[in-house]
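**Student:** One-letter residues, chain by chain:
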Amino acid sequence: MKRPVIVLVALSLFIAAALSACGGAPAPTASSVQQAAPTVAAAVQQAAPTVAAVAPTVAAAAKAAAAPTTAAAPTAVAASGAAPKALSGDPIKIGVAVAQTSNTALLGQEQVIGAQIAEEFFNQRGGINGRPIKLVLQDTAGDEAGAINAFQQLINNDKVVGIIGPTLSQQAFAADPIADKAGVPVIGPSNTAKGIPQIGDYVSRVSAPVAVVAPNAVKAAIKDNPGVKNVAVAYAQNDAFSKSETGTFQQTVTDTLKLNLATVQTFQTTDTDFTTQVTNILNAKPDLVIISGLAADGGNLVKQLRELGYKGPIVGGNGLNTANIFPVCKDKCDGIYIAQAYSPELSTPMNDAFKAAFKAKQQGKDPGQFPAQVFAGVQVFVEALTALDKAGKLQTTDLAKLRSDLNKQALSGKYDTPLGPISFTPEGEVNQEQYYVAQIKMNSDGQTGKFVYVK
Amino acid sequence: MAEFYTTYGFLITSMVLAAAMALSLYLPLMAGQLSLASPGFYAIGGYIAAVLSTQVFHPGPGPYPLYLVLIEMLVAALVSAALAVLVGVPALRLRGIYLALATIAFVEILRILSLNLPILGGAVGIFGIPQPFNTQGEYIWLGLPLLLIAMVFIYRLERTRMGRAFYAIREDETAADAMGINPTATKVIAFTMGAVLAGVVGVIAAHFLNTWNARQGTFDSSINYLAYVLIGGSWTVFGPVVGGLLLTALPEILRGLASFRFILFGILIAVGAIFFPQGIITPELLSRFRRGRQPGRPASGGQQASQTHGPAK
Amino acid sequence: MTLINVWQNILNGLAVGSVYAIFAVGYTLIFSILRIINFAHGAVFTVSAYFTYLLTGSAINTNGTLHKLFTDGFGAPALPIKLPFVIALLVGGLLAGLVGMLLDRIAFRPLRQRGADPLLTLVSSLGVAVAMVNLIQYFFGAEIYSYPANPFGNIPAAVNFGTADTPVPVRTIQVIIFFVAIVIVIFLTWLINSTKLGKALRAVSEDAVTASLLGINTDRIIMFTFFLSAFLGGISGTLVGVSVGVAGPYFGITYGLKGLAVIVLGGLGDIPGAIIGGIVLGLAEAFVPPQFVAFKEAVAFLILFLVLVIRPQGILGRAAVVKV
Numbered sequence: 094m095k096r097p098v099i100v101l102v103a104l105s106l107f108i109a110a111a112l113s114a115c116g117g118a119p120a121p122t123a124s125s126v127q128q129a130a131p132t133v134a135a136a137v138q139q140a141a142p143t144v145a146a147v148a149p150t151v152a153a154a155a156k157a158a159a160a161p162t163t164a165a166a167p168t169a170v171a172a173s174g175a176a177p178k179a180l181s182g183d184p185i186k187i188g189v190a191v192a193q194t195s196n197t198a199l200l201g202q203e204q205v206i207g208a209q210i211a212e213e214f215f216n217q218r219g220g221i222n223g224r225p226i227k228l229v230l231q232d233t234a235g236d237e238a239g240a241i242n243a244f245q246q247l248i249n250n251d252k253v254v255g256i257i258g259p260t261l262s263q264q265a266f267a268a269d270p271i272a273d274k275a276g277v278p279v280i281g282p283s284n285t286a287k288g289i290p291q292i293g294d295y296v297s298r299v300s301a302p303v304a305v306v307a308p309n310a311v312k313a314a315i316k317d318n319p320g321v322k323n324v325a326v327a328y329a330q331n332d333a334f335s336k337s338e339t340g341t342f343q344q345t346v347t348d349t350l351k352l353n354l355a356t357v358q359t360f361q362t363t364d365t366d367f368t369t370q371v372t373n374i375l376n377a378k379p380d381l382v383i384i385s386g387l388a389a390d391g392g393n394l395v396k397q398l399r400e401l402g403y404k405g406p407i408v409g410g411n412g413l414n415t416a417n418i419f420p421v422c423k424d425k426c427d428g429i430y431i432a433q434a435y436s437p438e439l440s441t442p443m444n445d446a447f448k449a450a451f452k453a454k455q456q457g458k459d460p461g462q463f464p465a466q467v468f469a470g471v472q473v474f475v476e477a478l479t480a481l482d483k484a485g486k487l488q489t490t491d492l493a494k495l496r497s498d499l500n501k502q503a504l505s506g507k508y509d510t511p512l513g514p515i516s517f518t519p520e521g522e523v524n525q526e527q528y529y530v531a532q533i534k535m536n537s538d539g540q541t542g543k544f545v546y547v548k
Numbered sequence: 024m025a026e027f028y029t030t031y032g033f034l035i036t037s038m039v040l041a042a043a044m045a046l047s048l049y050l051p052l053m054a055g056q057l058s059l060a061s062p063g064f065y066a067i068g069g070y071i072a073a074v075l076s077t078q079v080f081h082p083g084p085g086p087y088p089l090y091l092v093l094i095e096m097l098v099a100a101l102v103s104a105a106l107a108v109l110v111g112v113p114a115l116r117l118r119g120i121y122l123a124l125a126t127i128a129f130v131e132i133l134r135i136l137s138l139n140l141p142i143l144g145g146a147v148g149i150f151g152i153p154q155p156f157n158t159q160g161e162y163i164w165l166g167l168p169l170l171l172i173a174m175v176f177i178y179r180l181e182r183t184r185m186g187r188a189f190y191a192i193r194e195d196e197t198a199a200d201a202m203g204i205n206p207t208a209t210k211v212i213a214f215t216m217g218a219v220l221a222g223v224v225g226v227i228a229a230h231f232l233n234t235w236n237a238r239q240g241t242f243d244s245s246i247n248y249l250a251y252v253l254i255g256g257s258w259t260v261f262g263p264v265v266g267g268l269l270l271t272a273l274p275e276i277l278r279g280l281a282s283f284r285f286i287l288f289g290i291l292i293a294v295g296a297i298f299f300p301q302g303i304i305t306p307e308l309l310s311r312f313r314r315g316r317q318p319g320r321p322a323s324g325g326q327q328a329s330q331t332h333g334p335a336k
Numbered sequence: 524m525t526l527i528n529v530w531q532n533i534l535n536g537l538a539v540g541s542v543y544a545i546f547a548v549g550y551t552l553i554f555s556i557l558r559i560i561n562f563a564h565g566a567v568f569t570v571s572a573y574f575t576y577l578l579t580g581s582a583i584n585t586n587g588t589l590h591k592l593f594t595d596g597f598g599a600p601a602l603p604i605k606l607p608f609v610i611a612l613l614v615g616g617l618l619a620g621l622v623g624m625l626l627d628r629i630a631f632r633p634l635r636q637r638g639a640d641p642l643l644t645l646v647s648s649l650g651v652a653v654a655m656v657n658l659i660q661y662f663f664g665a666e667i668y669s670y671p672a673n674p675f676g677n678i679p680a681a682v683n684f685g686t687a688d689t690p691v692p693v694r695t696i697q698v699i700i701f702f703v704a705i706v707i708v709i710f711l712t713w714l715i716n717s718t719k720l721g722k723a724l725r726a727v728s729e730d731a732v733t734a735s736l737l738g739i740n741t742d743r744i745i746m747f748t749f750f751l752s753a754f755l756g757g758i759s760g761t762l763v764g765v766s767v768g769v770a771g772p773y774f775g776i777t778y779g780l781k782g783l784a785v786i787v788l789g790g791l792g793d794i795p796g797a798i799i800g801g802i803v804l805g806l807a808e809a810f811v812p813p814q815f816v817a818f819k820e821a822v823a824f825l826i827l828f829l830v831l832v833i834r835p836q837g838i839l840g841r842a843a844v845v846k847v
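Residue numbers (this note's numbering), protein chains in the order written: chain A, 94 to 548; chain B, 24 to 336; chain C, 524 to 847.
It is worth saying that the hints were derived from the structure and are not from the lab.
Covered stretches of chain A, going by a simulated chain C footprint (3 or more residues, C-beta under 8 Å): (1) 193 to 201; (2) 348 to 359; (3) 384 to 393; (4) 399 to 410.
Ideal placement from N, C-alpha and C gives every residue a C-beta, glycine not left out.
Next comes chain A alone, as it looks inside the complex (with noise of 0.2 Å):
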């Protein structure tokens, strides 16, 4: 009976020295100040290898982009080798909120790739007129009320400005509103089911709606196959985003295209074996095979579809768009039309630039959708933020009225991103203008491949 006791003090001793440890407790500004500048410093430190094969690029970015005027300055002085002193004052924080344990971390961790690098890369543009901005990541995990509980972190207790989160659309449905109703504003990085932004006015996202993305992959499928009549759609049901997605495709089918949806078939992401799915889709001999699923999955139902026979196109959804899927798929992956929200084909200096911060950081890969998108939310607060500053308001003591401030900034703003052009509607939705259409290219060591843009 002692020995019990014993562990049980113990464990609740720990318990104390990990909340203490971990600033359970709120930091009062000053002691936050103190603590974030070796931060900031460490970031710019970890950065310098990056910066030589940045900088480059970076310059030709300012130049042709006309981006601000303080851009130039923190370039010639990366460029130059020589440290953050570019950067001074209080770091201004920004929240992410994203999956980083649970299996839906495999998102997640790409997404904090994405925020890793959209903080060096502002940083080094010289941050918000020279103030450094500092990324304060909170995991979520993969459940409603770990979206919840990081919010909260981040609201009340990291004092942050605005919030990049959660991953999930399910999450997001569980947590904006808690944001919204602080008067925090939400930028949704992966949020794409119907209804997001009408959570509230602070929240908005820069994931286009499925809506608008998966046509185009159907279309460009069509053009190169023109014989197509039957079509097979099948789709992750337990997947917010996939179900939404089929109904896009559906509709586009039967409505637009008039051609003859042979059968639907369903599976969960958490299926890897779709022998079922593949023999009934097999039996209602298609001509085109539309798939929503995610990586793991998705991968998969493509893999046994060519091995047992389907020889056909096939159109992958937004949830596709990954390179998670070469090693699933492999070479049977080659030739999936993918409809995209971002393109790392795309050739703008904001893109080229992001794609070379990105290779430098991931041996030479390229950019998938979910980094890009957290960049493009990073960026909008940063531009808004930096818009404020000139007009003098980010001088406020008053946080509340900072965040709202940067709500009404961020969604009046037009910003060039990696993903395009976007802008929002006074709702909080993404106005994106460009869309993609790629076809995957597997290398002959069917391990690797590419997303070859296609329209």
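Given the structure of chain A, go ahead and fit chains B and C onto it with the hints provided.
**Tutor:** Okay, now just chains B and C, sitting in the frame of chain A:
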């Protein structure tokens, strides 16, 4: 303090709701039945609240009236009770792991059905659930009374004829039967009480989370609730409550460790199981606590108790 | 439904079922000897798939901390060894076996020694599983991994069990998994029924205390059971990884629920029952009509529920009352 509650009010309320869910698992366990059906009834309760509050009741502007939440709870309780009897009568003939698996099957069937019923919104679920309160922390005014009522109810129940019948079945079903206890009826009653509690918690949770979908109340949460009960202690009403509170708080306490936190969380669960094989709160601990509070009693009395009732070998 | 559809569905059911079976066989081995459920079996299944991946000398992705560790240590984000796939598969299985033994030491033995409620092993093994999955995530990242193409040489992707005109294709890897599952079951049945070790296993399974009185080193036998279960689980994990890719740290966990269903359907602890249970579940899923495929899982679990209610001892199980 107020600022602390602004940040952690949501967490504290989720802890309270988790404790109530642990009790819903504990109720059938009192009668020796390892049922993992609670998440299913929790999901049903949540969907009932979500559908009624977004599609049936239209109370007009302003905060959502609390009496409507109470009506939702009543509906959820009735539906859960009816379904529990329907499922319980065949399923409770099973014992041990077989019952656990049958109830898991029930939870999975419900999940697939809810994904396919158009009124429940598919994978996206139902969102924009109206709020009776301004902040999530205020849900403590629904959660805490519910938890306390459930605790008092179970505490009293343990001392009634029915409660003793539960324990008799837990100890030895055949002997209980011979003593004139109707095992099937008693087990169904225990199962139904757990289901009603879970359904009512689901109603609160749906409002509390702003949204409801098929990811709520799944196999994973079944296992979590079981961990609450076993780590907390499965022999008194306080065990599941402590387990639920503690294990819900733990990942948030470890939040600063970022991606490390669930590594440590897993280790702590394993360590907890090993060091508290009877759970954290054991009947011995409680009786020692009670004696310790009586004036004039030396502490040695407690030690004696622990020696005589120490962990079973 | 034409005859050819029926034939295809039977083969599909066998293919899917053999994956369930191969997962469940290690699971059921632990249950048959120790009468406990090892929730960490899914994590062992996963970790072995990663071991094999490492041993083939393949590169770690950038999101895992091993990427940096290996790059700093070996100059490349991979182990400096490159085993042929089949060797890596076996070594990966052996390593998984060691993890299994470790698992016994951490999560099961302490509880055994304290004579704790067997239910508690559910919780301790769950804790270890959570820790393992998150450790994998920490070291390897959440990305999807897959083995080099054609690990078994240049064999066709599918085998045709029909005619050239009406093909009835089954993926080759599924056929391999099916036969490996059968071989494992035959091996285990032989081991348990016809060897001295098997006799000791059965003795421990009947009554551990008496077994140790009779001079059997119970502790070592149990550790061996964990080793064997994890070794078989490890090989299975890699094979399933070949079939569908290693979809992140939760790869094996997703089979846990179906695995549990399979071992109960087959009669808890009955080793050939794992195959029967797997195939019954696989066939049930395969025969769900195409228009109801959305309810496929519900049908599978409804069957499970009904089997339990009608025949609580499982399909093959003996009618003995199991007291838990």
